[in-house]
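Colleague: Listed below are the residues making up each chain.
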Amino acid sequence: MISDSITNASATAAPSAKDFGKKKRTNRSAKLKQSKLGLRREQWLSQVAMANKGDKEEIDSNRKPRSENPDQRDRPVENLDGLSREAEDNSGTHHHESFIESLSNSPNSILSGMNSIPNFSSSSSSGSGGSCSGNITEEEDPDDDGCLDDWEAIADALAADDDKHEKENPPESCEEHASIKQSASPRASVSGSNVAIRDVKPAMSRKQKSNQAWRPDDKLRPQGLPNLEKQRSFPVMNLHYSSVAVPSSCPICYEDLDLTDSNFLPCPCGFRLCLFCHKTICDGDGRCPGCRKPYERNTIKVEASVQGCGLTIRLARSSSMFCRS
Amino acid sequence: MAAVNGYQGNTPADPPATNGSKQPVPSTKTVDSQSVLKRLQSELMGLMMGGDPGISAFPEEDNIFCWKGTITGSKETVFEGTEYRLSLSFSNDYPFKPPKVKFETCCFHPNVDVYGNICLDILQDKWSSAYDVRTILLSIQSLLGEPNISSPLNTQAAQLWSNQEEYKKMVEKLYKPLNA
Numbered sequence: 001m002i003s004d005s006i007t008n009a010s011a012t013a014a015p016s017a018k019d020f021g022k023k024k025r026t027n028r029s030a031k032l033k034q035s036k037l038g039l040r041r042e043q044w045l046s047q048v049a050m051a052n053k054g055d056k057e058e059i060d061s062n063r064k065p066r067s068e069n070p071d072q073r074d075r076p077v078e079n080l081d082g083l084s085r086e087a088e089d090n091s092g093t094h095h096h097e098s099f100i101e102s103l104s105n106s107p108n109s110i111l112s113g114m115n116s117i118p119n120f121s122s123s124s125s126s127g128s129g130g131s132c133s134g135n136i137t138e139e140e141d142p143d144d145d146g147c148l149d150d151w152e153a154i155a156d157a158l159a160a161d162d163d164k165h166e167k168e169n170p171p172e173s174c175e176e177h178a179s180i181k182q183s184a185s186p187r188a189s190v191s192g193s194n195v196a197i198r199d200v201k202p203a204m205s206r207k208q209k210s211n212q213a214w215r216p217d218d219k220l221r222p223q224g225l226p227n228l229e230k231q232r233s234f235p236v237m238n239l240h241y242s243s244v245a246v247p248s249s250c251p252i253c254y255e256d257l258d259l260t261d262s263n264f265l266p267c268p269c270g271f272r273l274c275l276f277c278h279k280t281i282c283d284g285d286g287r288c289p290g291c292r293k294p295y296e297r298n299t300i301k302v303e304a305s306v307q308g309c310g311l312t313i314r315l316a317r318s319s320s321m322f323c324r325s
Numbered sequence: 001m002a003a004v005n006g007y008q009g010n011t012p013a014d015p016p017a018t019n020g021s022k023q024p025v026p027s028t029k030t031v032d033s034q035s036v037l038k039r040l041q042s043e044l045m046g047l048m049m050g051g052d053p054g055i056s057a058f059p060e061e062d063n064i065f066c067w068k069g070t071i072t073g074s075k076e077t078v079f080e081g082t083e084y085r086l087s088l089s090f091s092n093d094y095p096f097k098p099p100k101v102k103f104e105t106c107c108f109h110p111n112v113d114v115y116g117n118i119c120l121d122i123l124q125d126k127w128s129s130a131y132d133v134r135t136i137l138l139s140i141q142s143l144l145g146e147p148n149i150s151s152p153l154n155t156q157a158a159q160l161w162s163n164q165e166e167y168k169k170m171v172e173k174l175y176k177p178l179n180a
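Protein sequence lines correspond, in order, to chains A and B. Under UniProt numbering, read the first sequence as residues 1 to 325, first letter to last. Under UniProt numbering, read the second sequence as residues 1 to 180, first letter to last.
These aren't lab readings, by the way, just hints derived from the structure by calculation. The structure presented is a predicted model; accordingly, all values stated were derived computationally and were not measured. Warning: the hint list may mix true and false statements.
[To be verified] Cross-link-like lysine-lysine pairs, in silico, DSS-like; alpha carbons within 27 Å at most: (1) K293(A) <-> K97(B); (2) K38(B) <-> K279(A); (3) K279(A) <-> K126(B); (4) K176(B) <-> K279(A); (5) K279(A) <-> K293(A); (6) K100(B) <-> K293(A); (7) K293(A) <-> K126(B); (8) K279(A) <-> K100(B).
Chain A with its partners taken away, still in its complex shape:
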């Protein structure tokens, strides 16, 4: 019963899970996905920052020997259709670049921007010759390794992830935002109008550059991602649990507290002990050793439902075991 309510709560808490229609996905997999997405977003951001830098310095020899920026800048707008063939391969990054540009144009409304991704696809298609919007979903699916099915899921996951990443590494992301803002500021005034097409041309060349810079990453990504995920996600968990001072051993029997024990908080006074000692005390006078107040059976359940993750399901079972005994 308790676990049912917990899974229901998690389903409502993470709307992306609902979109997949797979109820069995837990919060953990959603978190992994979010961190994956966050990682990709950082890759995009760094990609764009790199490309913008390269464009400013007019260095294109080391990145791509084939295309030259001045030539592409002088091309008429109609060539964009020709370019769009190349851009098709790359529409994912293309889309995201324009997406990030608009982000940097309105840095204060990052979350709202992420939630309105369908609008982005239309605006980016109008800016770059109308070849992108059809390809986005085609292109994005192989990139995601099948982990994301549609844009709404991405939007939800990104929106949920964004706060975390802002907290996690503010200086890095600020740097990125700053560089992007700098590069985006010259054409910030003309975004969305027809005049912007001119500015799209350098943007396109940049996209191609980022295209070629992106490729090796693309191939490497399946191997590289899991390690990065672990580095990203596990310290966060550790931080979360170390913020609460949990003794390493039970103060009653001096045995080490395992994961279930260290998440077991039977008394509001904060006195922790292992489940065995708690059971022994409950069989006896049933008073908390920390404050001498009698244990309340209900507080255990409250604790279990408050935390709301996989650990607490185990907790709920153990507490129900206590209720039975």
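Starting from the known structure of chain A, arrange chain B on it as the hints suggest.
Modeller: Below, chain B alone, put in the same frame as chain A:
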């Protein structure tokens, strides 16, 4: 336990019932004594590493369930310069039940009787399994300087407590050094 044994010996028809009730006792006892052993060994380690001034405790030679402790009288109390030996005896219920603590050295104190029994709430109804030997000895040490006059075991000491100079003379007169 003794009554059960006697009953069992007198009527051999009953043993199945008594055996059934008796059987779980030894198994839980061994489990308990093992956990008590671990706890007492850890406490001993903590006491030896901690180095609290004025208190010490160590198990008797071959029985870790019986300890001898010493308490030094705190400074600026009438017990300054005196040292007291205590015995601590732990049951298999420890730490869920308090150990039995007694003064072995004669102690002239309102809350200690002539047999060395101590009237201290944390050794009785206010016991918590979070207490250990160290906190017991520290509590007794502070009890020496701050007796509870309202419920005395030694009424003579309680009456004399108001006169600290006379009290100190009495303590020194009755005090027997540990080595003696």
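Colleague: All hints, please: hold or fail.
Modeller: Structure-based check of all given hints:
1. K293(A) <-> K97(B): It holds: about 16 Å lies between the C-alpha atoms, which stays within 27 Å.
2. K38(B) <-> K279(A): holds (18 Å)
3. K279(A) <-> K126(B): At roughly 20 Å apart (the allowed maximum being 27 Å), K126(B) and K279(A) satisfy the hint.
4. K176(B) <-> K279(A): With Cα atoms ~45 Å apart, K176(B) and K279(A) exceed 27 Å; violated.
5. K279(A) <-> K293(A): holds (15 Å)
6. K100(B) <-> K293(A): holds (24 Å)
7. K293(A) <-> K126(B): holds (11 Å)
8. K279(A) <-> K100(B): holds (24 Å)
Comparing the model with each numbered hint stated earlier shows that hint 4 is the single one that does not hold.
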